[in-house]
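Colleague: From just these sequences and the hints, can you work out the full model?
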Amino acid sequence: MGKPKFYDFCVHAAPDGDHTAPELVSLARHFGYDGIALANHSDKLPDKKPVLPSIEGFEVFRGIELVEENPSKLHSLIGKFRNSMDVLIVHGGSEAVNRAALENPRVDILNHPAFDRSSGLNQVLAKAAAENGVAIGITLRPILHSRGSRRVRLLSDLKANLELTRKYEVSLVLCSDAMSCFDLRSPMETLALAEVCGLEEDEALDAISIVPERIITKNRPGPGYVRDGIEVLEGDDLF
16 MGKPKFYDFC VHAAPDGDHT APELVSLARH FGYDGIALAN HSDKLPDKKP
66 VLPSIEGFEV FRGIELVEEN PSKLHSLIGK FRNSMDVLIV HGGSEAVNRA
116 ALENPRVDIL NHPAFDRSSG LNQVLAKAAA ENGVAIGITL RPILHSRGSR
166 RVRLLSDLKA NLELTRKYEV SLVLCSDAMS CFDLRSPMET LALAEVCGLE
216 EDEALDAISI VPERIITKNR PGPGYVRDGI EVLEGDDLF
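Offset between the sequence shown (1-based) and my numbering: plus 15.
Keep in mind that the hints were calculated from the coordinates and are not lab data.
Any given hint might turn out to be false.
[Said to hold, decoys possible] Below, computed lysine-lysine pairings styled on BS3-like, alpha-carbon distance capped at 27 Å:
hint : residue 1 : residue 2
1    : Lys142    : Lys88
2    : Lys63     : Lys95
3    : Lys64     : Lys88
4    : Lys182    : Lys142
5    : Lys88     : Lys63
6    : Lys233    : Lys95
7    : Lys88     : Lys182
8    : Lys233    : Lys142
9    : Lys18     : Lys59
Modeller: Rendered as structure tokens:
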């Protein structure tokens, strides 16, 4: 088995975050990532579609984190942005939004599902996530920036959600949720923090490597792809 590739699929660049895309990409590469997704919130997009930074040996994916409290409007946004994005994230935070995201197979990741006194997930929603292939995002920035009772609550919510994702075999994606260069952590730091937060070593590794790769494979199918269930075979592939 070769060396795993590491990805951070939720990084916010200016005007959403404090630093530019080239600055974030350069630091992520320095830290040892193989790629990141620039995923600004949908209400903080730049005026023009940005040109993604290009660095040899490093992948920059086009992403978005949809922010919408109305489930019907959320589905419209998913339809609007899905085909132009490598990574499509929904910013959760209510039962209605969480349900809309987890029941839609065109969504890749649900971030920030917790609300009020709820961790944001239950058995029904966890089943929906598993059936529709929607991963649950574990975002480190809120945990690192919190203190006291707030941090205790975040870790308690994470523990509850981990129990559900394990029971129903829901995928996890581990990401920084960085709003600046100061929020980025190296892959090794991220894995260590994840284990402190309750993830098993193999869960954390899958969440920063295998699952992100699977998302990109799904959203960037090969040249023989026609649609789900159909593939054009050529030459030796026929036998």
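Colleague: Please go over all the hints and tell whether each is borne out by the structure.
Modeller: Hints and how they fare:
With a CA separation close to 23 Å, the supplied pair Lys142 and Lys88 stays within the 27 Å bound. For the suggested pair Lys63 and Lys95, the alpha carbons sit about 16 Å apart, so the restraint of at most 27 Å is met. Annotation: proposed proximity of Lys64 to Lys88 holds, straight-line Cα distance about 22 Å (limit 27 Å). For the hint linking Lys182 to Lys142, the alpha-carbon distance of about 9 Å falls within 27 Å, and the restraint holds.
Restraint check for Lys88 and Lys63: satisfied, since their Cα atoms lie roughly 22 Å apart, inside the 27 Å limit. For the hint linking Lys233 to Lys95, the alpha-carbon distance of about 18 Å falls within 27 Å, and the restraint holds. With a C-alpha separation of about 31 Å, the suggested pair Lys88 and Lys182 falls outside the 27 Å cut-off, and the hint is violated. In summary, the hint linking Lys233 to Lys142 is supported, as the alpha carbons are separated by about 20 Å, within the 27 Å threshold.
At most 27 Å may separate the alpha-carbon atoms for a hinted pair to count; Lys18 and Lys59 exceed this at roughly 36 Å.
Taken one by one, the earlier hints fail for this structure at numbers 7 and 9, listed in ascending order.
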